[in-house]
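Enquirer: With chain U fixed as given, assemble chain V onto it according to the hints.
Chains as they are written, first to last, in our numbering: chain U, 1 to 510; chain V, 1 to 287.
Hints were generated in silico from the structure; no laboratory data involved.
These figures come from a predicted structure and were not determined experimentally.
Be a bit skeptical, because a hint or two may be false.
Which stretches of chain U does chain V cover? Using the computed rule of at least three CB atoms under 8 Å from a CB of chain V, they are [claimed, not checked]:
hint, region
1, 278-291
2, 470-476
DMTMM-like, lysine to aspartate or glutamate: derived pairs with alpha carbons at most 25 Å apart [unchecked claim]:
hint, chain 1, residue 1, chain 2, residue 2
3, U, K277, V, D214
4, U, K440, V, D225
5, U, K273, V, D214
6, U, K180, V, D263
7, U, K273, V, D218
8, U, K178, V, D263
9, U, K466, V, E274
10, U, K178, V, E274
11, U, K178, V, D259
12, U, K94, U, D283
13, U, K169, V, E274
14, U, K277, V, E215
15, U, K277, V, D225
16, U, K459, V, E145
17, U, K277, V, D235
18, U, K284, V, D218
19, U, K466, V, D273
20, U, K180, U, E104
For glycine and all other residues, C-beta sits at the position ideal for the given N, C-alpha and C.
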Amino acid sequence: MSEQQEETPIEEKTNGSPKPTSPNSDLKLDFASFWEYSSAPESSDHVEIPDRYDHFIDGKFTSPVKGRYMKSINPASEDVLTEFAEGTSEDVDKAVKAARKAYEKTWSKLSARERGKYIFRLARMIQERSRELAITETLDGGKPIRESRDVDVPLSAAYFFYYAGWADKLDYAFPGRKVKPVGVCGQIIPWNFPLLMLSWKIAPALAAGNTVVLKPAESTPVTALKFAEICRDAGLPDGVVNIVTGAGQTGAEIVNHPDVDKIAFTGSTEVGKIIQKSLAGTDKKFTLELGGKGPNIVFEDAPIDQTVEGIINAIFFNQGHVCCAGSRLLVQEGISERLVNKLKDRMETLIVGDPLDKNTDIGAINSKAQYDKINQYLEIGVNEGAAMYQSSCNIPERGFFCRPTIFTDVSQSNRIVQEEIFGPVLTIQTFRTPDEAVEKANNTPYGLAGGVWTDKGSKIFNAGQKVRSGVVWSNTYNKFDPTSPFGGYKESGIGREGGLHGLYPYVTLS
Amino acid sequence: MPKRIEVLKTYKTYVGGKFPRSESDRTYQVKDSKGSHIANACRCSRKDVRDAVLAARSAFGGWSGRSAYNRGQVLYRIAEMLEGRKDQFVGELEQFGVKSKDAAAEVETSVDRLIYYAGWTDKISQIFGTINPVASSHFNFSTPEPTGVVGIAAPHTSPLLSVVSLIAPVIAGGNTCIVLSGETYPLPAVSFGEVLHASDVPGGVVNILTGFKDEMLDHLSSHMDVNAVFNTLTDKSTRKLIDENASISVKRVFHYSTDDWLDQSHENPYIIDEFLEIKTTWHPIGD
Numbered sequence: 001m002s003e004q005q006e007e008t009p010i011e012e013k014t015n016g017s018p019k020p021t022s023p024n025s026d027l028k029l030d031f032a033s034f035w036e037y038s039s040a041p042e043s044s045d046h047v048e049i050p051d052r053y054d055h056f057i058d059g060k061f062t063s064p065v066k067g068r069y070m071k072s073i074n075p076a077s078e079d080v081l082t083e084f085a086e087g088t089s090e091d092v093d094k095a096v097k098a099a100r101k102a103y104e105k106t107w108s109k110l111s112a113r114e115r116g117k118y119i120f121r122l123a124r125m126i127q128e129r130s131r132e133l134a135i136t137e138t139l140d141g142g143k144p145i146r147e148s149r150d151v152d153v154p155l156s157a158a159y160f161f162y163y164a165g166w167a168d169k170l171d172y173a174f175p176g177r178k179v180k181p182v183g184v185c186g187q188i189i190p191w192n193f194p195l196l197m198l199s200w201k202i203a204p205a206l207a208a209g210n211t212v213v214l215k216p217a218e219s220t221p222v223t224a225l226k227f228a229e230i231c232r233d234a235g236l237p238d239g240v241v242n243i244v245t246g247a248g249q250t251g252a253e254i255v256n257h258p259d260v261d262k263i264a265f266t267g268s269t270e271v272g273k274i275i276q277k278s279l280a281g282t283d284k285k286f287t288l289e290l291g292g293k294g295p296n297i298v299f300e301d302a303p304i305d306q307t308v309e310g311i312i313n314a315i316f317f318n319q320g321h322v323c324c325a326g327s328r329l330l331v332q333e334g335i336s337e338r339l340v341n342k343l344k345d346r347m348e349t350l351i352v353g354d355p356l357d358k359n360t361d362i363g364a365i366n367s368k369a370q371y372d373k374i375n376q377y378l379e380i381g382v383n384e385g386a387a388m389y390q391s392s393c394n395i396p397e398r399g400f401f402c403r404p405t406i407f408t409d410v411s412q413s414n415r416i417v418q419e420e421i422f423g424p425v426l427t428i429q430t431f432r433t434p435d436e437a438v439e440k441a442n443n444t445p446y447g448l449a450g451g452v453w454t455d456k457g458s459k460i461f462n463a464g465q466k467v468r469s470g471v472v473w474s475n476t477y478n479k480f481d482p483t484s485p486f487g488g489y490k491e492s493g494i495g496r497e498g499g500l501h502g503l504y505p506y507v508t509l510s
Numbered sequence: 001m002p003k004r005i006e007v008l009k010t011y012k013t014y015v016g017g018k019f020p021r022s023e024s025d026r027t028y029q030v031k032d033s034k035g036s037h038i039a040n041a042c043r044c045s046r047k048d049v050r051d052a053v054l055a056a057r058s059a060f061g062g063w064s065g066r067s068a069y070n071r072g073q074v075l076y077r078i079a080e081m082l083e084g085r086k087d088q089f090v091g092e093l094e095q096f097g098v099k100s101k102d103a104a105a106e107v108e109t110s111v112d113r114l115i116y117y118a119g120w121t122d123k124i125s126q127i128f129g130t131i132n133p134v135a136s137s138h139f140n141f142s143t144p145e146p147t148g149v150v151g152i153a154a155p156h157t158s159p160l161l162s163v164v165s166l167i168a169p170v171i172a173g174g175n176t177c178i179v180l181s182g183e184t185y186p187l188p189a190v191s192f193g194e195v196l197h198a199s200d201v202p203g204g205v206v207n208i209l210t211g212f213k214d215e216m217l218d219h220l221s222s223h224m225d226v227n228a229v230f231n232t233l234t235d236k237s238t239r240k241l242i243d244e245n246a247s248i249s250v251k252r253v254f255h256y257s258t259d260d261w262l263d264q265s266h267e268n269p270y271i272i273d274e275f276l277e278i279k280t281t282w283h284p285i286g287d
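Next comes chain U alone, as it looks inside the complex:
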């Protein structure tokens, strides 16, 4: 009978005895075997990448005058992704002429408000094609889909959206001054954030009323060419945006073209210096966004687990192909052992592999050349007497992959401490006093970005003020936003991109 059914007095039974626990409670955090992830590849079926891309000049895809093409490789598979035109002086000249014509005939005749509306359109169309752009970025450059999907592409749209709104508000940007555009801007961007760097360059240039000739990097030209399709589809007047592809020589043609009014370059300090030198004696304006060797300073009172996450993000984000990467960890002595142990544990959990897999933390090294360079530095580090530690993860046989790496027992003068490696390689030094930390932080020719980790606000402001760099991330790292200016001190560059300050290089004041 139902009413006589025995009721199990659960509470009585457990009273005084051990409480029930999770069925997994006896399992230890065995990172090697327990946290197996099934693969979760992003489908790339719907992404169309033609076998061959031409330049985008004067609103049309245009084959190169000399008829030469280069290949873009998927660094995760070493397969050819597509071919693209190699720009020569003839192509660059055509592009500059188109940009000049557009500047004089259409773009400058347009009201600022209408100009802004075109830029808003570009932002929206990037959003509309976001999945396709993210997958393309990952196929072409090897970065994890999670990053291209969540960082590169949405931020690219955000930069266009932000600067679109500036177009008809420039009178408020520079107190006491009238604003005029510069003219034709030559822009050369790197391979680490192809679409994002394009947006950092093109959005403010167009907003201020300039026209552009942009050259993407030779290992990652595809998203720039997809952006060219967006310009065409958005009905942007012909010649306002011109994309010329090619390698360093093509870039040099843009820099040295007499009818270019301003050069914007993002890339290595080495090339930046060559560009600055070749602009000597001309009246061309220029901005340079160059290399870095970001110090990441951790004080004893830092929240340690949060800091470990921050360190990982600072150096392993985008395979360490980040000019502002926190590649030099400076840890206060008292916590260095504990911190390094925790860091090693956390490194063990990083998944290195297929960039299209949504679980992947670290994708492919962008190119063979960069892969060789990183390995060279690993060798240099070991030869300099530093202790190298790498995570034990498996890496795919094909493609260019590098295990997350840290070096301890390094000194300030070591090449791996002084020189930019641009890979997932972190050096670790210790310090005793805040002054020593700042001294070490500033002791390189670079000054792009740095991190400060502590629970004490006054320490953040003290160290943050003394670190000579354009960005200070306190209790965070590698954050970007269109409203936030970015750029270097010292040999890390000249000028700022992003925010109100990012307009300045694209205007002349009177």
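Expert: Structure of chain V alone, referenced to chain U:
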């Protein structure tokens, strides 16, 4: 009554808060507009440039670390000291052949220009700094900081006013500097060093050298510990030399020239801004 024999001044340089002669012991003749000898000026060498850069670098931490309010007061003090020595500078300019009226205008404008820039020190962050409304949960702000050590190449014209117009915006922003004064008549620049010395300006913040640009500019603009060059020389080959040298260490170069240093357009915060770096700081908002 026998006519009193005038005591002539030995013009030296101003480096690190002291008044050394050139290490080279060389001098050159400074003449007035009619070609008569007025004084001997130090013909500084590249080693003097090196010493001056060292002094400027050493002074940078202290000067850039001063509060903006304090820097403003120091600049104001320079103006006060210059006002008190007006006659000396008018005399010095007259000696060179400048008409009394023009000399007085130059000195008075120099004083006023110092006061103009004195007032900017604690406002520049409010004009050129921003709080940035980032989309993520962070507090984010950008403030200007001084670029560092600035090399200044002064023109021949308006030998006091030009030097004042070049130094004031540079040090108002918290930089330190090395000035290569105009070759033909460097004496007011050297005397201005004495004014700086009497004005609570820490030694090394402003360093003033005299001599030939050909012997110093190459070294100054290629020096690895100089962060920026403020140049008023107009000839193309000099500009190209500076630009090329600057590329060795990614120096900022600001070419600036004018025929009329009395013009008020030389008083504006965008000149200060040429020698500022924007630093952006992020901090999470949350627990």
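Enquirer: Next, verify each hint and record whether it holds.
Expert: Tested hints:
With 5 residues carrying a beta carbon less than 8 Å from a beta carbon of chain V, the region 278-291 of chain U meets the three-residue requirement, and the given coverage holds. Residues of the region 470-476 of chain U lying with their CB closer than 8 Å to a CB of chain V number 7, which satisfies the three-residue condition for coverage. For the hint pairing U:K277 with V:D214, the CA-to-CA distance comes to about 20 Å; that is within 25 Å, so the pair holds. About 17 Å separates the Cα atoms of U:K440 and V:D225, which keeps this hinted pair within 25 Å; it holds.
With a C-alpha separation of about 24 Å, the suggested pair U:K273 and V:D214 falls inside the 25 Å cut-off, and the hint holds. Among the hinted pairs, U:K180 with V:D263 is consistent with the structure: their alpha-carbon atoms are about 23 Å apart, no more than 25 Å. A C-alpha spacing of about 17 Å is found between U:K273 and V:D218, which places the hinted pair at or below 25 Å, so the restraint holds. The hinted pair formed by U:K178 and V:D263 meets the criterion: a straight-line CA distance of about 19 Å does not exceed 25 Å.
Simply put, U:K466 and V:E274 have alpha-carbon atoms about 20 Å apart, close enough for the 25 Å limit, and the pair holds. Proximity of U:K178 to V:E274 is assessed by CA-CA distance (about 17 Å); at most 25 Å being required, the pair is judged to hold. Only pairs whose Cα atoms come within 25 Å are accepted, and U:K178 paired with V:D259 is accepted, the gap being roughly 23 Å. Restraint check for U:K94 and U:D283: the C-alpha separation of about 22 Å stays at or below 25 Å, so the hint holds.
Distance check on the hinted pair: U:K169 and V:E274 sit about 23 Å apart at the alpha-carbon level, within 25 Å; holds. Note on U:K277 and V:E215: the hinted pairing holds, with a Cα-Cα distance of about 22 Å set against a maximum of 25 Å. This hinted pair checks out: U:K277 and V:D225 have alpha carbons roughly 18 Å apart, not beyond 25 Å. About 18 Å separates the Cα atoms of U:K459 and V:E145, which keeps this hinted pair within 25 Å; it holds.
Taking the CA atoms of U:K277 and V:D235, the gap is near 18 Å; set against the 25 Å cutoff, the hint holds. This hinted pair checks out: U:K284 and V:D218 have alpha carbons roughly 22 Å apart, not beyond 25 Å. Distance hint between U:K466 and V:D273 is fulfilled; the C-alpha atoms sit about 20 Å from each other, no more than 25 Å. At most 25 Å may separate the alpha-carbon atoms for a hinted pair to count; U:K180 and U:E104 meet this at roughly 13 Å.
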